[in-house]
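There are 2 protein chains.
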Amino acid sequence: MKKNVLIIGAGGVAQVVAHKCAQNADLLGDIHIASRTQAKCEQILASVSEKGSHNTDGILAAHAVDAIDSKALVALIEQTGSQIVINVASSFVNMHVLEACIETGVAYIDTAIHEEPDKICEAPPWYANYEWQRKDRCAEKGVTAILGAGFDPGVVNAYARFAIDEYMDEVKSIDIVDINAGSHGRYFATNFDPEINFREFTGTVYSWQDGAWQENEMFEVGRDWELPVVGTQRAYLSGHDEVHSLATHYPDADVRFWMGFGEHYINVFTVLKNIGLLSEQPVTLAEGQEVVPLKVVKACLPDPSSLAPDYTGKTCIGDLVKGIRNGEAAEVFVYNVADHEEAYEEVGSQGISYTAGVPPVAAAMLIATGEWDAREMRNVEEMDPKPFLEVLGKIGLGTWVRRDGTDERLY
Amino acid sequence: MKKNVLIIGAGGVAQVVAHKCAQNADLLGDIHIASRTQAKCEQILASVSEKGSHNTDGILAAHAVDAIDSKALVALIEQTGSQIVINVASSFVNMHVLEACIETGVAYIDTAIHEEPDKICEAPPWYANYEWQRKDRCAEKGVTAILGAGFDPGVVNAYARFAIDEYMDEVKSIDIVDINAGSHGRYFATNFDPEINFREFTGTVYSWQDGAWQENEMFEVGRDWELPVVGTQRAYLSGHDEVHSLATHYPDADVRFWMGFGEHYINVFTVLKNIGLLSEQPVTLAEGQEVVPLKVVKACLPDPSSLAPDYTGKTCIGDLVKGIRNGEAAEVFVYNVADHEEAYEEVGSQGISYTAGVPPVAAAMLIATGEWDAREMRNVEEMDPKPFLEVLGKIGLGTWVRRDGTDERLY
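Heads up: the protein sequence lines correspond to chains P and C, in order.
Counted the way the numbering used here counts, the first sequence spans residues 455 to 865.
Counted the way the numbering used here counts, the second sequence spans residues 455 to 865.
These are computed hints drawn from the structure, not numbers from a lab.
No incorrect hints appear here.
Straight-line alpha carbon distances no greater than 27 Å define the calculated BS3-like cross-link-like pairs of lysine-lysine that follow:
| # | chain 1 | residue 1 | chain 2 | residue 2 |
| --- | --- | --- | --- | --- |
| 1 | C | K752 | P | K727 |
| 2 | P | K573 | C | K752 |
| 3 | P | K752 | C | K727 |
Given only the sequences and the hints, what does the whole structure look like? Please build it.
What follows is the structure, given as structure tokens:
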């Protein structure tokens, strides 16, 4: 049994995490939130108060911390008595936060793979570059580290495991499809940190097919998907974290990730990329100033959390898993549908932040009860998916299954 | 009779100016070139040597100067004994250079209107904001200042005056059409300094119609033009310097400027503008750095002078002037056609730099001979156009006229 949660980060996802932790504070204990700018944390806590989300009279407190300063993090973990850290800050700080958790022996949860600012799309599998190099140390210290426990990666890893365990004797392929059929009404915006968002699409697209890493370019391979609720949507083979762990754990299956994009997004992306404005490498201005173009694009685009009030429509994210059952071809689509307006109503965030922010809280709740307190480093598909999907169903993200043309809610 | 020329600037236009001055050094005397980076000036002089452009054994020298430092400019003018300054540096320095010329009493020529870095498309007429405020001081000191003596503004102002003087009793409209039908083979590039180029199109489009300033947005008004050599081309009502002086000197005529754009240019421009990347106002990055987005776009785009070796095709720039002659409607199109490859062959620059760089040298030659040594500030349409067109025809830019469906070379 672990308790008291420290949330690192103060963006749109952190806001959802804070609301959901507060709604489950009877299990989770004190809730602390820390980021470089304390005022952003305080705004989030004000939103929690406003919505009346906090279900105990325990501590709910904001702190300032620079997450790359592991010493300061260690001090904050000890000072707040936090036994679970939910890291939803920029991916650039992940390993710093994990180190602080290893040092203090507390549980660590994140929602995206670690990235170094000056590197994009390193050698696959990505988890082997940073996270898995700390596997032994987590095991030695008995530290529970649940990697990539957002929606994708995260819930989709659990969907894959669940589909294989429940419906397959042998798995042939896992296709993860992520469609945002919502509309924010702006000329152009990304649904989470533009810097991280664009970095996903500027490098090589890695997929795992025929037992080997395959390389494509972004928008090279597109396919129309016929999906529940959101209908027919075009999605493109893209690089994504979960491909890198699922390919390791299910090496006999093809593992692909498909992200939905409209023509307008692709046009804007193509212009920015071809000009060099999505580059993570600094350029020198005529006046001598050194600037990373991608950071300027980020500064010009709307803050993703500002999109929430006007966001309408739904998301559909799921796994199409194919394999063999009783000697015959089997196929199942496990998925969730989320609604932008409902998310805003409940926690003041849009649907993309909601789907990313609820799962790490479900993971924290399972660590708190002991069910997921593995005392070592795990990707989500290495954990029993059923309690996870059950908690998710209770705290806001239902799980549906489409089999033989029929849709059924399971959790 | 004035002589010895100081060229300020070291971009693609400055390279053309240096070549053309060197080719006419028997009239112009010593040729000096100065910019912030002396190495750029030296590269230009190396190109002049390589092409064997210098037709005397006079001085040909490079200097370092920061053109906003009027004191240093004054010293350089005096040290070099220059009596004519051709300013083809960034428009941001124009008034600093003019001040140095007023102080030293030497002639001043530029090719574009002065701009302040943080202001775009100020109140019309633009010349009244900076240049014309120094009219009296030029007259008092007997300083010849020829404003906007590039191609457009510049030669097109002379074309307007010439068309009206030669072919009209009364002028009704002046439509300046600028078509670059060439191809540089890059994904996207501007033909001169991207910062100045984009600034032309991000503000209000001013035109002079029905005796008043009219305001439109960029790409709001488009029209197909049937032109010599380059054929049918779509051009858009745009803001441009020469509209602001021609409207003042021919207030009874409608004065409009039309710039040719392809769909690809418009798409890229629209994406960059809508995202805010063409803004001249600084944004603050997440890390606290203050950056002007437009300067980052400039740093990402190809240096315009780098386009020259691969540039193919032709430009067509001219004035469609309509009016009354002998009580009947009269119409004439006065124009030039330039060839990118021929320009590169002769002076190592592309056609846009060539058309912009040859005219200020023609103006300098007329100041040197005394024909244009007005001893006060003038826009080009206030000068006798015939000697100008004659010199231009001799040094590389011919003048053609299309009347009643017939094209004829006049100069």
